[in-house]
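Position chain B against the provided structure of chain H, taking the given hints into account.
Residue strings, one per chain:
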Amino acid sequence: MSDPTPSPLATAAALSGRGILLGRRNPDAVISALVMPVLLMLVFVYLFGGAIDTGDTRYVTYVVPGVIVLCAGFGAAGTAVSVSEDMRRGTVDRLRTLDVGAVPFLTGHVVATVARNLLATTLVFGVAFLIGFRPAATPAGWLAAIGLLLAYIAAVSWLSAAAGLLARTPEAANTVTFLMMFLPYPSSAFVPIDTMPGWLHGFAEHQPVTPLIESMRGLLLDQPVGGAPWTALAWCGGLLALAVAASGAFFRLRTC
Amino acid sequence: MPPAIETTGLTKTYGTTRVLDSLDLRVETGTVFALLGPNGAGKTTTVRVLATLAAPDAGHARVAGHDVVAERAAVRRAISLTGQYAAVDETLTGAENLRLTARLSGLSRKAAARRADELLERFRLTDARNRQTKTYSGGMRRRLDLAAGLVRDPGTTRVVFLDEPTTGLDPRSRNELWDVVRELSGHGTTVFLTTQYLEEADRLAHRIAVLGSGRTLAEGTPAELKTRYAGHRLDLVARDRQAYLRLAPHATTHDPDALALGVPTDGSAAHVRALLDELDPHRADIDRFALHGATLDDVFLHLTGPAAKEPSHV
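Chains as they are written, first to last, in this note's numbering: chain H, 1 to 256; chain B, 1 to 314.
The shape of chain B in the complex, shown without the other chains:
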């Protein structure tokens, strides 16, 4: 089966900033793919190019088998986009929003009403159907937005783009949205989502690409990434505040209150010994240490560097 999404050398420049720098991606049909990266990494631009909303300056991208520039209309018929900014009207009800979107995608009045009802049911919004969406919770609004993206015959929507779908949601709403993504994927739809949250990528995605400065820094399954990069993490407890501050620049995770730091390692005795000697040549700064299997956080921080702003967690 051909890939759902394939890009080669995708480049996009805004002014003098190269937002996408020769990006290569491949997403297999029917999988969930997470594009993970800090703010400004180029996640939204990638989605906009793939969803035909922005034209690339160089390189090629095919979505659902069609070129995003030359066959824009065909791509648009095969995709759904839920962006970071709500596309539903706050003073219209949930049902009105869905009926409008359905009408805009070519359904008759009657068919649009039927499709709206189906989607309200599927996204558990039936009880709220006649309320203006400004009264919806963040999670309900996001679900409605997602539903609005799927008003086309669900059978023809083959690739769903979700740009930071859970940013700003409370944990319960986030879990509900995750269920929706799993359900979509269960129906064979390809889901391409962007996120700043490692946990989200880890839980949902079959494959993850870590994006930094418009390039893929790493790509693989969550398990592969964890073993390939920073297989383990050495947790250190500094003897005092001064020692903590001396060690801090070398670490990828920081907990100033507990004077605790984490440093990536492959977990071998030789590397741990060398690392301890390098970090604490006078054997005075480190009080205790412990070795852990790496989390995706470690991979992410390792790849994007200690200088990268630590993403806030859900």
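Extracted from the complex, chain H is given alone in its bound form:
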């Protein structure tokens, strides 16, 4: 008798388990994924923070959401590299002969990235508390902020996974994700936008990271956020849909 065909959900779950296990077996990558965000926060708070005027808000409180969003980009870059390695090796051929499609395959990688990112985020919050981060968020505010962050991590990880399908080598995959890592800089993540040159305001105010940062900061400090969370959610949803559609097309393109 033939074995039952597994559901895409079961396949994605099995591949997510693989992704997490592979991450755990690669301690160097885990350590850099965890240590780098903390180091970055310390650099911003102690080296740059003194020169940046964020009004009544302490700089550490101002910058934590930015560091977390920046690190989501770094973490996502790892997705592109691991996807591209699977494409280069025989893994993807084996998966295809098992009838595994693009979406469960990439979901496995994305879930592993999200898990790693959540660990890094927890660590950043912990260290931030130690050095004076004092949010005033309500429980609902925390939930909303974490939900938005998850949506952003999922979106950039999927974009990165799609880039990993297209890249011919893991090195090229790494380069493709540079944009995602760079995006938080010209936003309100680290410095207020009105301190930037005028020609940059338009981009900085309307790129996806700014509404995300503004909502997270507002939610964590229990300040009014206006429509920013909805704008951020729309960006993340749109990017996610784009990435999932693109990855299906790229997968067909690269596997024929």
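Simulated from the structure, these hints should not be mistaken for laboratory data.
Hints are supplied without guarantee of correctness; some may be wrong.
A partial selection of chain B residues facing chain H, derived with a Cβ cut-off under 8 Å [what the hints assert, rightly or not]:
#1 I79
#2 A87
#3 L100
#4 S105
Pair ranges (Cβ atoms, derived) [stated by the list, open to error]:
#5 H:P27 <-> B:A74: 39 to 49 Å
#6 H:F48 <-> B:G168: 23 to 33 Å
#7 H:T195 <-> B:S108: 52 to 62 Å
#8 H:A29 <-> B:G15: 49 to 59 Å
#9 B:D179 <-> H:R88: 22 to 32 Å
#10 B:A111 <-> H:P192: 31 to 41 Å
#11 H:A241 <-> B:S108: 51 to 61 Å
#12 H:Y46 <-> B:T91: 30 to 40 Å
#13 B:A74 <-> H:G248: 21 to 31 Å
#14 B:Y85 <-> H:P27: 19 to 29 Å
#15 H:G126 <-> B:P171: 48 to 58 Å
Cβ coordinates follow ideal geometry from the N, Cα and C atoms, glycine included.
For chain B alone, kept in the frame of chain H given last:
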């Protein structure tokens, strides 16, 4: 019984290169079939098309009774593929790799663990089950890869594709892998393997197709090929280096150190005499000669031409 694999006019082009050029193959159920050819002959592309990983541009192929394009899912359920590039994860253990693959083919957690144990035992990897596969030898890794291809209920895997299964293996690992192929075949599984090594095809295969530039150059049992093409080989020893270099373009085997060359012949006195006259009209270049029954190497070199790069031997 219908054939395990049947292709007609199979054609595949990458860019401007016609990798498969109207390929016709027929592999009977339960046999070992070797696709033999030099690098770039189209062996891997053939396997990829038959294993539903690449779509043909023209022609048809049926595997285990199903069309590789129209009934892709049915073909995938009936085959196992072990490609040239390892599909196992280096930082997972042998057991973890097999359990994962078993889960992906629809087994429950418990059934997957049981299937992994059976396969580790069958492929003599039980002792290494809890070691990360990066510590495995080349042969062990290849066996694990093959095992991972067979995690489906072995009864439903009817055709096993092995793309250059022994390339890069030491002789002992190669022999172990050959035993695995024989065992599979003994259980009634059809094995389709590609190889650059004539000895491998000769030892394992019931039938061999010699592939060159995406076409079948010859097809038959090892014995048939040996008698049909280049029944014999005339071994010549040149008188000196200059004579050797004059003779070399006509020969299919070369040994510059011994000034020895081999030329295919049908072995008849008339042909040998004519050949000697043609090669050495002034009767000055050839020192000695000897006649041998052909090996598959001779068939292969005869078919793929002296210009074809001599494949490296195991």
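Verification of the supplied hints:
1. I79: holds, 7 Å
2. A87: Holds, because the Cβ-Cβ distance from A87 of chain B to chain H comes to roughly 4 Å (cut-off 8 Å).
3. L100: Holds. Min distance 5 Å.
4. S105: holds, 5 Å
5. H:P27 <-> B:A74: 39 to 49 Å: holds, 43 Å
6. H:F48 <-> B:G168: 23 to 33 Å: Once the Cβ atoms are compared, 52 Å apart, the range 23 to 33 Å for G168 of chain B and F48 of chain H is violated.
7. H:T195 <-> B:S108: 52 to 62 Å: holds, 59 Å
8. H:A29 <-> B:G15: 49 to 59 Å: Given range 49 to 59 Å: violated, Cβ gap about 37 Å.
9. B:D179 <-> H:R88: 22 to 32 Å: holds, 31 Å
10. B:A111 <-> H:P192: 31 to 41 Å: 59 Å Cβ-Cβ, so the 31 to 41 Å window is violated.
11. H:A241 <-> B:S108: 51 to 61 Å: For A241 of chain H and S108 of chain B the Cβ distance comes to about 33 Å; the hint is violated.
12. H:Y46 <-> B:T91: 30 to 40 Å: holds, 36 Å
13. B:A74 <-> H:G248: 21 to 31 Å: Between A74 of chain B and G248 of chain H, where Cβ atoms are some 23 Å apart, the hint holds.
14. B:Y85 <-> H:P27: 19 to 29 Å: Distance hint for Y85 of chain B, P27 of chain H holds at roughly 26 Å.
15. H:G126 <-> B:P171: 48 to 58 Å: Between G126 of chain H and P171 of chain B, where Cβ atoms are some 56 Å apart, the hint holds.
Of the numbered hints given earlier, the model fails hints 6, 8, 10, 11; all others are met.
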